[in-house]
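Chemist: One letter stands for each residue in the lines below.
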Amino acid sequence: MNSNFSCKTCASADKKLETFISNLSVDTSHHRMEGQSIKCGFGLQGICCRLCSNGPCRITPDGPKGVCGATADTIVARNFLRAVSAGSGCYIHIVENTALLLKKTAANKGAIKGKIALAKLAEIFEVNETDEHVCAEKIADLVLADLYKPDYIKMELVEKMAYKPRFDRWKELGILPGGAKSEVFAGVVKTSTNLNSDPVDMYLNCLKLGISTGLYGLTLTNLLNDVMLGEPSIRLAPVGLRVIDTDYINIMITGHQHSMFAYLQERLIQEDVIEKAKAVGAKGFKLVGCTCVGQDLQLRGEHYKDVFNGHAGNNFTSEAILATGAIDAVLSEFNCTLPGIEPICDELKIKQICLDDVSKKANAEMKPFVFEEKESQSNEIIASVIEAYQARRGVVALNLDAEHGNDDTLTGVSEGSLKSFLGGTWKPLIDLIVKGEIKGIAGVVGCSSLTAGGHDVLTVNLVKELIAKDILVLSAGCSSGGLENVGLMSPQAASLAGPKLRAVCESLGIPPVLNFGPCLAIGRLELVATELAEAIGVDLPQLPLVLSAPQWLEEQALADGAFGLALGLPLHLGLPPFVTGSSVAVQVFTQDMLNLTGGQLIIDDNAQSAAQTLDSIIEKKRQELNI
Amino acid sequence: MKRIIIDREKCDGCLNCNIACISAHEEGSNFYTVNLQSPDAETRNFIKFDVGKGYLPIFCRHCDEPECVLSCMSGALEKDPVSGHVQYDENKCAACYMCVMNCPFGVLKPDKKNRTKVIKCDFCDDKPDGPSCVKACPKQAIVVKEVNL
Amino acid sequence: MKIVIIGASAAGISAAKTIKVSEPETEVVIISKEDSVHSRCMLHKFLGHQRDAKGISFIADDFFETAGITWLNNTTVISLDPDKKTVTTHDNQTISYDKLLIATGAAYFIPPIPGLRESKNVYGFRDLNDAKLLDRECQTAKNAVVIGAGLVGMDAAVALLERGLNVTVIEMTKDVMSLQLDHQAARAYQQLFEEAGAEFILEDKVVSVDVNDVGRGTTIHLASGKAVPADVIVIAAGVRPAFNFTQGSGIKTNHAILVGDDLKTNLKDIYAAGDVTGIAGIWPNAMKQGRVAAINMLGEKLLYEDRYALKNTVNFYGLTTLSLGNINPEPEENCEILIREDRHNYQKVVLKNGIVLGVIMQGDIGGTGFWQYLIKNKIDISGKNKDVFSLSFADFYDLDQQTGEYKYAV
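Chains as they are written, first to last, in our numbering: chain A, 9 to 635; chain B, 58 to 206; chain C, 2 to 411.
These are computed hints drawn from the structure, not numbers from a lab. Virtual Cβ for every residue (Gly too), placed ideally from N, Cα, C. Don't take every hint at face value.
Residues from chain C that face chain B, not an exhaustive set, calculated with beta carbons under 8 Å [unchecked claim]:
1) 60
2) 380
3) 395
With the rest of the complex left out, here is chain A:
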């Protein structure tokens, strides 16, 4: 016997992490998979309804309808739309906060670091304003005005942002969204007890939520953040548990709202604060990236070399990062902040502070971010983190893994930085695609999960299969956290690619898997796709481009997926989104969607066959484009 918490941990594509976690003496999500390994079949199929006290009703051979008369088709659609509404709500919450922050930053003449992003938005929104602060404020106002519209008034920026052929199709289908917050409200109402029972109506509603989620929650959040925090630029960076430096006071960040840290991260590297750290024996402060907000910092890392140590890992690495014992505080403002970190924080005396009550953790101190109080708030946070550092360092054992991760992950890829890298035009990439040097593009996005083989297992295996078929992979979300830690985003990963893609990567010195950062950056992938389509002169569904969220985890991912389908892209998921109990759902997602938007859902938890399917779709699209 040893002190390990349990010998039953799930597999990880990241073998070093798998070993690290299996040797931990604390309970993690990787340990808990065993106890949750048996799943409820009704839940998996989406045919359990808990909307009224006559329930829970489950669809069985002896009970083919709920008490109210709801069929499997209705129950599945309701559950699905509820999930998409919730997921959309999450992203809309993020863009709302970001826009509010931009508005206040601009009004207070705060720093505008992303001048290119500002100009781009001004152009799209047709804001003619020379003063950058006034311009930024107007942009924020336009976004907020749209978000706060009722559901019966269409959002105005949709037409400005969306690719024209897409916009026209959406209009035809009647799925142009009204005010994004109201649409979430409508989705919730529609799916309440004994309201909507029409599955097709509900799935169209999902597409509508997909559009508002994608254009606002994803694309605009990125661009607004870029204005405040600076645009991404391509560079090599260290990733994994190795980024943790015990000489510093370490703060792990989790969430999705980078701009909430903007002031604090500036403060942490100011002389007076560094002095405070030195006074207690540390060299200063470091932010350790985790989850998507870590990816966001990594993406813009060029601007934060002093305070950001690197991205340590994705959502299901967070417990391991804390278990190193070298983290002194967790600052969280959104998901994916696992409840499972709480007992670890307690045990290892790690201070938990929440900046947004939507993600209030049970044992965390609540410090809702208030723009006007950011100076005092930051000082208080710094003080309590120092206090935690003093209380725990030297007392809590360290358990580091300097071997984990790598030092040469290519980061900072965005629609802007990639285009600059290509020389300010998409032509070189288009030429490579036309010539077949790059067969096509796969956006492997979304989350990390512990199912479908284990932590990042399907994601990593699928990506390996895709690049071997000369398909360039772009990643955004926790998927990239896994892909970078196993080295697929390092230039030498080119050796794993097919001969043609390998040659391209080697000549450019890039990996075959490009890291766009957080899940929010799925919006950046949409921008890339749109710009490519525009340059070629085709609609999105015609591009040799596929999406995959192999290890989609949660409701936000489903809203992202709805966006992908609205864009008309083939979307692969490793596991079904709890809809297979309905033949209508299966028909709509896997067949009818082709006629509606051009999109299509592909469900496959086998990396090889999924890659084959995606490859054949790309081949087919190439043929249709005569390339």
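Since chain A is already given, all that's left is putting chains B and C on it; use the hints.
Modeler: Coordinates of chains B and C only, in the frame set by chain A:
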């Protein structure tokens, strides 16, 4: 012989055993794809509920002295001398349902689609990894044990 | 030890199997007048051409060889000498035994109606030979008449309909299967048969049969004055235990061979099981009796207690019915009769002082096996405080923790 031993206190009535059973008898299906609304969807195990006692799992016991086998006039039901399990041969069965009548525990039932066969636990054909229902039980309310009779 | 079994149906085969499983070295000889072992309950499948002779067997092809049993088929026992402990066969073999089991079953009975017994085209529907003879008739016959609408008559009718004959069923009582069903349950079957082309003449009696010059019955005359044309006639008016060969042996009989709870007759080392005992003319009981008799013959003591015979299942045209106990009580019995029905089900429970006396479950009979236990064991259900139709084994649920077997908590 191996028998599914029931700890009814542990049963939460999730009916995963039902789904597992139906899936095990729908070739190529899994928990996501099993068609619970198919006319062929039949479960061989049952969870009853009693206000006083809670959930009561009713599973074929593959009885030591199986009444169903004794009542079978076609030879379709036989107790396997090696495994001890009562196996059913659909091709021999004449659908007289004497076995349904004779099972004191109400485990057997006619197929609901045509009433030409009996729906009965086959212990998942004694697969090495055991019956599907047992694997699907999140509470271990049913476990396979060797019993000496 | 040498055990001789006369009869190769449920009781005989079940006894032979039991003997060979517990004492493989015991010599077992089965004598049967047929050359096949088949299940009587499946004869209609043979006549209906859904199965061949092998398809209605209820034992494995190599049953006798594998079990090491000597089978004298096509052999009829004509006499029994309990003193010498031998039986004699129609071909003059004398076979000795240490123990003897009489499992000769029952034979159909042709009522003494003018013309009926004389007609060459009158058949019972009792064994494979009957079915084969009927099968031959079906090749030319157009009109079939079935006399008696009990289970056997209905079995014959369903097969004859399957063969495309015009089938008329004549029944004395006012309903088909009147022993198993009540009026409503019977009507449901009658309708299904009528939809399949059958004609029923109920509450009527055959009074005579016209016989033509080649000895075949042609017209059946009924008490009502009706006349029914017939090319082939099936008689299904009941059976009688078959024990003619025991005449003069001193065996005690009363329309059946009398046995004790150990299934032993009054004669030393002679046992009887199955229909010939008149205890319970139904397959499961015959199987059980065969088993009990075998165990007693092997010297162990086991009593046959399951004398409950008022039970049956019916499955015609996909309509299934379970029938148990007293289902048509007389008014003076003062029973409580509960009925529940819907589009697919007709259910009837007969209760007296909290004890279930009988049930009919027509439609969904899944999981209804527990009713037999309640009726047989006279379980008082009045304490259950529950709608009687929602009862199931769960209401009597108990487990043996050691073996995992179910028990009744009553």
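Chemist: Each hint should be assessed against the structure and marked as holding or not.
Modeler: Hint-by-hint comparison with the structure:
1. Proximity of residue 60 of chain C to chain B holds as hinted, the smallest CB-CB distance being about 6 Å (cut-off 8 Å).
2. Below 8 Å, beta-carbon pairs count as interface contacts, and residue 380 of chain C has none with chain B, the closest being about 12 Å; its hint is therefore violated.
3. Here the hint on residue 395 of chain C is kept, as its CB sits about 3 Å from the closest CB of chain B, short of 8 Å.
When the structure is compared with the earlier hints, a violation turns up for hint 2 alone.
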